[in-house]
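Kindly generate the complete structure, drawing on both the sequences and the hints.
Single-letter residue listing:
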Amino acid sequence: MTKILLVEDDDLMVRMYERVFTHAGYLVDIAKDGQEGWGKIQNNPPDLILLDVMMPNINGLELLAKIKADQKFKDMLVVLLTNLGIQGELDKAIKKGAVQYIIKSNHPPDEVLEMVRKILVDRGIKQ
Amino acid sequence: MFKLKSIRTKLLLVFLLGAVLPFGIFGVLNIQNSKADLEKEIGNKLSILADAKEGQVFAYLDSLEGRTMDFSSDGFIRDSLKEITGKNSQQAVRTLNEHLVKNKKVLDPTLAGILILDLKGKVVASTDERVIGDDESANDYFVDGQKGVFITEVREKGGHFGIDNPIVVATPLTDMTTGGSLGVLVNFFDAGKIQNILSGQFQLEKGALIMETGQVKTLEVYLVNREKKMFIHPQRSEHKHTSEMLNDTAPVRLCLENQKEMTGKYLNYNGEEVIGASMCFVSRKWVLLAEIPIREAFAPIVQMQTRFGVTIGGFGILLILIAFFSANTLTGPIKKLHKATEVITAGNLGFRVEIKTGDEIEQLSHAFNEMAGKLQESYAGLEGKVKERTEELAVKLAELQKSNTSLGSTEKAMLNILEDARGLEEALKVEKAGVEKKVEERTYQLREEQSKLKASIDSLNVGFFLVDSALEIMIINPVAKRLLCYSDNHSHPVGVVTSQDNLNVQCQMQDIEKELQEVFDLRASLQKSIAEKKPIEIKELEFKNRTMRIFMSPIVIIENIEIKTIGAVVLVEDITEAKILERSKDEFFSIASHELRTPLTAIRGNTALIEQYYAKDLKEPELKSMISDINESAVRLISIVNDFLDVSRLEMGKLEYKTAQIDLVALTKNTIQEYMTTGSIKNLYVRMEEPKEPVPAVFADADRIKQVLINLIGNAIKFTEKGGVTVKLENIPDFVKISVMDTGKGIPEENQKLLFRRFQQAGSSLYTRDATKGTGLGLYISKMIIEGMGGKIGLESSDPQKGSVFSFTLPIKPVSSPSTSQILTPKIPQTKQSTPSNGQNLAVIGSVR
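Chain order of the listed sequences is A and B.
Positions 476 to 602 (our numbering) are the ones given, in order, by the first sequence.
Positions -15 to 833 (our numbering) are the ones given, in order, by the second sequence.
Quick caveat, the hints were computed from the structure, so don't treat them as lab data.
Treat the numbers as computed from the prediction; the structure is a model and nothing was measured.
Treat the hints with care, since some could be wrong.
[What the hints assert, rightly or not] Derived contacts from chain A toward chain B, CB cut-off under 10 Å, selection only:
(1) 485
(2) 487
(3) 488
(4) 551
(5) 579
(6) 580
(7) 582
(8) 584
Note that the Cβ used here is the ideal one computed from N, Cα and C, for glycine as well.
Laid out in C-alpha cells, this is it:
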C-alpha cells in the first residue's frame, strides 16, 4: 500500500484528510509539526508527503528545505497543502522542490485525491 | 659609313667568312696540291731527261773508248813506239807524229790531240811536236792507262793542245808480237761534244718541256766531277760560272758519297732553289744534273696563284658590294623604324611607318604602329585630362580672385565695424551704469526669492536635493542629509527635522555615492534619467535598516523646440514605517484568510465526504438537501474570503502575475467546459464563437484570465433568464479582445457607472432582489487584474432587448513599465498620488525665450 505522510497541525484538517486518503486505500501517517514530521520521515520514509505550511516549531517551508537538503530524501515527493494566499512564496516553494501546492479551501477532497494520485502515477508509484 | 658594329659590317664579315674563307682555303689547298704535283712532274721529267742525257753521255764515252782502243790496236803506232823506245830513232818519231796527225786525229773532230807515252811516261810522240819530251808520269791517265782503258776529265785551262777541260782517254799500247807493254796512248778530246750532247738535243728537250709548261728558259743540264766542280756545261761560254765553281750541292754529295741519285728540290751552286734530277756516274765519279729554278718551274703555279688571288680578290670585292647593298635592304627598314621613333619622339604621334619587306621587320613595323597608336590614344586622353584640369584650375583661379576681392571688401567693412564698435563702447558705458543699478535691485529680489525657496525646501519632510548636469549637488535639504549623508541610528521619526540635525554638515555627491554604493548606483540612475529625460522611481531600497523610496526627475528647459536637461531633482522618502504597516496589513490578511479558510475547508470537505461515503444514509431528501446547503454555504464563504484576499493584495500592489504566452482560444474553451461541469448554468447555453482569423498568443497570467472570464460569464448567467452567453475573440492592433455577450435584460444606465466599483454600493433593486451570490467585488477585482496585466476592461454595450456585452483586452507583447520598479503597479484611483508615466511628471521650468 502506498504510504502517505500528512504533516498538519490543525485537527480539523487532519481528520478530514486522513479520512479521505484512508477511504481511498492509502496508508496514512500523521505528524503534528515539522519536528515530528522530520522524525517520521527518517524512521519511516513515505511515498509522498502532504505538507502544511503554517505550523509551529519548524514550518512547512523549513521542513521542505530540510528534506531537499538531505541526500536520502531529496527526491521525495512533497505536496504543499496550504490555505495561505501568498502566491510568491508558494511559487518559490515549487522551485525549492515541492511537486505542487494545493490551496485546500479551493478544492473539494476528491479533487485533492485526484491530484495526489496523478503525482504518484507520474512518479511510477501505483496504489 | 663603315661602322664596326653595323649590320653591313656584320653581313660583310659573314659573307666573307662564309664564302671567301672556304673558297680561299680550298683554293690554297688546291694550289699547294698543284704545286706538289707540278714539282713531282717536273722532277720526273728532269729525271727522265737526266737519265736520257746520262745514257747519251755514256754512249759518247763508250765511243771515245772505242776510238781510243781502236787507235791502240793500230800496228803502225805500236811498231813505231817499239822502234822509238828501242832505237830512239828520231825518224820514227817524225813518222809517227805525221801518222797521228794525218791519219788519226782527223778521224774525230773532237779529238784535240794524241799523246804517245813510253813506259816512263815521257811523251815520245804527239800530234803536237812541242810536247814531245814532257813528263806525264804523274798523271793518273798514265798510271791507270797502263792497266787498261781509262777515261778521265782533266781540269785545265788552255793546257794540252790548247783546250780547256779535255776528256782524256788512255789505253795501253802493247807489242804486237810479244804483247808486252810498250807505253800508253792518250787521246785528248774536246768536251764540246758532251756540251753539245747536254745542249744539242737540248733544244728538243727544251721544246718538249716548253710544249708542256710554256716557258722554260733556265733549264740547266751539266756535269760535275769528283772535285765537285762543274766541268761540262752547255753554256759555259755565256755562263757566268766557270769550272772553278764549286757545286757542293745535295745531289752531288749524294752521288759522290752515297752513290745515289735524286730528284727533288734543293739549292743549287748559286744558292737558288731549283727542282733537279741527278744521274750518278759511279765509276767516273761524275754527276749529271738537270735543274730548273723553282721560280720558273712553278711559274705556272705562280700564275695560277696570281689568277686565283685576283679571282678571290675580285670575288671578295663583289661580296663586299653585295653585302653593302644587301645590307641596305636590311638596314633600310630598320633605319626607317628608327626614323619613325625619332619623328614620334619629336611629337608627331600620328606618324606611322610603312615597311613591306614581308619579314620579321615588317611585323615589327606593325607592332610599332600599334604601339604608336596606343601611345597616341593615351596621349590624347592625357591631353584631354590636362585640358580639363587646366580648365578647372582656371575656374578655381577665377573663384580665388573673386574671394580675394570680396576679402578686400570684407576687410573694409570690418574696419567700419571697428569704428562703430568704438562708438558703441562709449554708449555702453553709460548704459552699464544704469543697468548695474537695476541688477542690484534685481539681485536683492532674487535673494529674497531664493531664501523663500530654500526655506520651503528645508521644511519638506522628505529628502530633497538638486544636481546640475555634472551631477554636483546644488541644493540639499536637511532630511536628505540626514537620510543619505551620514550614518547614525536615525532614531528620529521620519519627516521631523529637529534642531539636533547638523545642518552644516558638508554633503557632496561623492559622499552620498559612498554611502549608497553597496545597494544602489545613484550616479548611473541619475545619468540615465537625465539622458532619457524621464523620471525614475525606486519604490523600495533597503538601506541601513530603513526602506527608502527614491524618486528622481530631470530638470528640463525648452529652448525653441529643443528640450534640454540642466540637472535633476531627487526626492528621498523614508518609507520604513509605511512598509511595516503595509507588511502587517498583508500579514493580517494572509493570516485572517488562512484562519477563515481552514474551518471552511473542513465544512466543505466533510460535507462532500458525507455525500460521498454515506450516500445511502442520505436517502431522506430533506437530510440530503440540508447537507447540500451546508456545503454550498461553505463554498460561498470560501469564495468571499478569496475575494477579500485578492482585493487587499491588489490594492496593496502585492499581486504577482505569472505571465506567459497564453493561447486564449484553448483557455476560453477550457474555462467554458469547466463552468459547464461545475457551475450552474440554469438552462442556458454557454459557448465560444470560433474566431474568424487566427488569434495570436497573449502575454498574461492564465489563472487570472480564467478568474476574469469566470467572473464575467458568471455575471452574465446570473442576469440572464433565457438564451445564453457567447464568448468572442477578436484581433485588434497589439491586443486581443475578448467579449462576453449575454441575452439578458441589460443594465440600467444609472448603474453602469457604478459597475466596476468596490461593492457597488448604489445597487439597484434589480440586483439586490436577485440575491446575489457574489460579493460585489467581482468586477472590481477583474478590472484591477486586467489593468495590472496591461489591458482594459469595460462594459461595451447594454440593451434591455438584446442584452449586455462586457469586453476586456490583453496585450500580445509583454508590457514594460516606464519606471524601473520591479512590480507592475496598477493605478489606485483613491489616492491622489499618481505614479509617473510617459514623462508627465517632469519638472519643467519653462521656455527660455
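> Would the stated hint for residue 487(A) survive a check requiring a Cβ distance to chain B of less than 10 Å?
Replying inline: holds, 4 Å
>> Using the nearest Cβ pair, does residue 485(A) come within less than 10 Å of chain B?
In response: Hint holds; residue 485(A) Cβ to chain B Cβ min 6 Å, cut 10 Å.
> Under the criterion of a CB-CB separation shorter than 10 Å, is residue 580(A) in contact with chain B as hinted?
Replying inline: OK, holds: residue 580(A) within 10 Å of chain B, min 4 Å.
> Is the shortest C-beta separation between residue 488(A) and chain B less than 10 Å?
Replying inline: holds, 6 Å
>> The hint names residue 579(A) as touching chain B; please verify it with the least Cβ-Cβ distance against 10 Å.
In response: holds, 4 Å
>> Restraint: residue 582(A) near chain B, CB-CB cut 10 Å. Satisfied or not?
In response: holds, 9 Å
> Would the hint on residue 551(A) stand, with a C-beta cut-off of 10 Å toward chain B?
Replying inline: violated, 25 Å
> Any CB of chain B closer than 10 Å to the CB of residue 584(A)?
Replying inline: Since chain B brings a Cβ to about 5 Å from residue 584(A), closer than 10 Å, the hint holds.
Hint 4 from the earlier list is the only one contradicted by this structure; the remaining hints agree with it.
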